[in-house]
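K.L.:
Residue-level listing of the chains:
There are 2 protein chains.
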Amino acid sequence: MAETYINPLIIQRADPYIYKHTDGYYYFTASVPAYNLIEIRRAKTLNGLAHAAPRTVWRKHESGAMSKLIWAPELHFIDGHWFIYFAATDTEELDELGMFTHRMYCIECDAEDPMASEDNWVERGQVKTDKDTFSLDATTFEHNGKRYYVWAQKDKAIKGNSNLYIAEMANPWTLKTKPVMLSKPEFDWEIKGFWVNEGPAVLHRNHKFFMTYSASATDENYAMGMLTAADDSDLLDPASWQKSPKPVFQSDLSTNQLGPGHNSFTVSEDGQQDIMVYHCRNYSDIKGDPLYDPNRHTLVKPFSYDDNGYPVFGKPVPYNYL
Amino acid sequence: MAETYINPLIIQRADPYIYKHTDGYYYFTASVPAYNLIEIRRAKTLNGLAHAAPRTVWRKHESGAMSKLIWAPELHFIDGHWFIYFAATDTEELDELGMFTHRMYCIECDAEDPMASEDNWVERGQVKTDKDTFSLDATTFEHNGKRYYVWAQKDKAIKGNSNLYIAEMANPWTLKTKPVMLSKPEFDWEIKGFWVNEGPAVLHRNHKFFMTYSASATDENYAMGMLTAADDSDLLDPASWQKSPKPVFQSDLSTNQLGPGHNSFTVSEDGQQDIMVYHCRNYSDIKGDPLYDPNRHTLVKPFSYDDNGYPVFGKPVPYNYL
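Heads up: the protein sequence lines correspond to chains A and B, in order.
In terms of full-length UniProt numbering, the first sequence has 123 at position 123, counting the first letter as 1, and numbering is strictly consecutive.
In terms of full-length UniProt numbering, the second sequence has 54 at position 54, counting the first letter as 1, and numbering is strictly consecutive.
Please note that a few of the clues may not be correct.
[Claimed, not checked] To spell it out: a stretch of chain A is covered by chain B in this simulated footprint if at least three of its residues, at any positions, have a beta carbon under 8 Å from a beta carbon of chain B; those stretches are: (1) 45-51; (2) 271-285; (3) 294-302.
Just so you know, the hints here were simulated from the structure itself, not pulled from any lab data.
If you're wondering where the values come from, they're calculated on a predicted model, not measured in any experiment.
Virtual Cβ for every residue (Gly too), placed ideally from N, Cα, C.
Model the full assembly from the supplied sequences, consistent with the hints where possible.
P.N.:
Structure follows, in C-alpha cells:
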C-alpha cells in the first residue's frame, strides 16, 4: 500500500531538495526563511522529515560575497563525498538591472555523516561560468561517466532575470566545458511579472532526461515547465532538448495552492513510486516583499507517466493534515 | 487509547505556546528563528500542528521599540477577543548591565478568526509595570472573576536577569495593582551561566495553582522550577506561593535532550490528559551565539499527578519520529 503523505510536508521551507541516500535516510535541505544558514535534516520516511531535527552545517559570512540571501541549497553525494551547492550574495540590494546579485558556491564534507559537525564542511569557492552575472539554483547529475552541471543565470543580452544552462564538470566545483543555454523565458506563462527560467531539476526515466524548471514571478504566477532529451543524445547540445510549450504544473486556485515550483525529485520509501517535491504558497495577500514572507511550504506528490513515458504531474495537492 | 505524539512536534520553534480554543482547534504560536514576526497556526490535532500552514499576523517595525528580537508570543482569548502578548526591543545590543532591553507589548484582534488577516490586528501598546526595565515572557489567567498578569522582569536591586512578578489587570493591556515578586533566582540550578527566572506558565488543577518557570542560561543548564499556591489563597500575596527547592524538569543527557524549558500547558484531543509543551535542544556544540542557532524544537509530553495532587513531569521525551 502506498504511503499517505501529509501535506504540507515541511512548513516554511522553500526550494526544497530531498536526496535518498544509500544509508536508507532521506536527506532534506532547502532555503530557510532568514536566508542565513544551510541546514540538513534526515529521516527514514518522508513524513518523518516534518519532525526531523535539523543540523546547521554552514552559516553566512559576516560580510563579503557569501554574506546575504543564502538560497536554494542542494545536497549531492558525488564519488563518496558530500557537496552542497547554493547561491549567495553580498547585498540585499538590487543592481542597476533591478536584479539580485547572487553567484553559485560549493562546499564539501569529507565525513561520512554530513550532519556530524559544521567543522567538517570546507568551502570550495564559487562555481565560475563564462559570465560574471546573477547565478542561482544549480543542480548536478551524472550520465555515462560524465558529470553535468545545470543552473540558472542572467545573460545581459537576453531579456529577463535568468535562463537555463548546462555544462560538463571537471570536478564538483569546476566546469569543464563552455556553458550552453537550454531555455530562456519566452512563452506567456514564463514571463508573468518577471521573465524567469530557474530552479532546474533533472529526472532520468524511460530512456529520457526530463528537466523541469520554474518560470515567471514567485507569486501565484510561478509555474513549472519541462525540457526533454533522449538519454542517448548529446546533452550538451541544445538541439537535443525539446521544450514543452505549456506548463507542466501550476497554481490551483480551487484549493488555494499558489505558485508551485522550484521542485526536486525523490522516490517512495519502497523505491517504487516517483515523487515530486516542490514548494507552494496558500495565500497571496502578502504584506511587503514576498521574499520576506516565510510561508512557502514544502509539499510532496507522487506522480506517474503517460503512454509515451512522459511524467504527468497533475495538480498541486491540497493540504490534508488534521 | 492515548494519542501517540510525534516528537519533536514542531521544528525550530522556541518558547512554544498552544491554546485549545472552543472551535476545536489547537492554536500555536512561538518565537520564530528570525525573531522578526508573529505567526499563528492551527490544527485539530497536536500532531497536525507539525504540518499546519502558519499565517503571519504581525511584523516587527522598521525601527523603534518594536523593531528587534520579537520573543515568546502568547495567544489568549479574553472575553471574546483575541490578544497576543510578546516582548520586543529596539536593538540587538546589550545595555550597560549586559542585558537585553525588551519590554512587553499587546496586540488585539477583534475578528472571530485570528488568522484571517494581518489587517485585523491592532497594537494596544506596551504593558507598563512599575519599573522601566527588561521585561519578557508575560502570560495571563483568570480566577474568580479577576484577571492576572504574570511575567519576568529585571529589578536593578536584585542580582540576575529577571524575576517573576504577578499583578491584577484592569484590562488586557493595563495593570490594576502594583506588581509583587513571586520568585527570584536563588538556588544553584537557577543561577548556572546566568541568574534567571523567566517563562512562567500557569496550571490550575486539584484546587491549586502551579506556576512553572525556567531558570539559568538557555543552554543545557536551562531547567524548570515551580511555584504552588492554593486556589483559595490571595494570589497577589507572595506568601501564598511555595517554591519547589529542586527543578521539576531538566536536561536528560542520556537522550541528548538539552535545556528543556519555556513551557506552556494544553490538553489532549479528548480533553482527558494534561500535556506540557516545551522547547529543547539536541546538541550543544553551537557555533556563535546560541540565540541565533535556530535548533530549539517544540515538544509535547503528557504528564500525571502525585498523591498530593502535584504534577509530575518526569524526564524530557526522546525523539520518536521515523
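K.L.:
Tell me the hint numbers this structure goes against, listed in increasing order.
P.N.:
none
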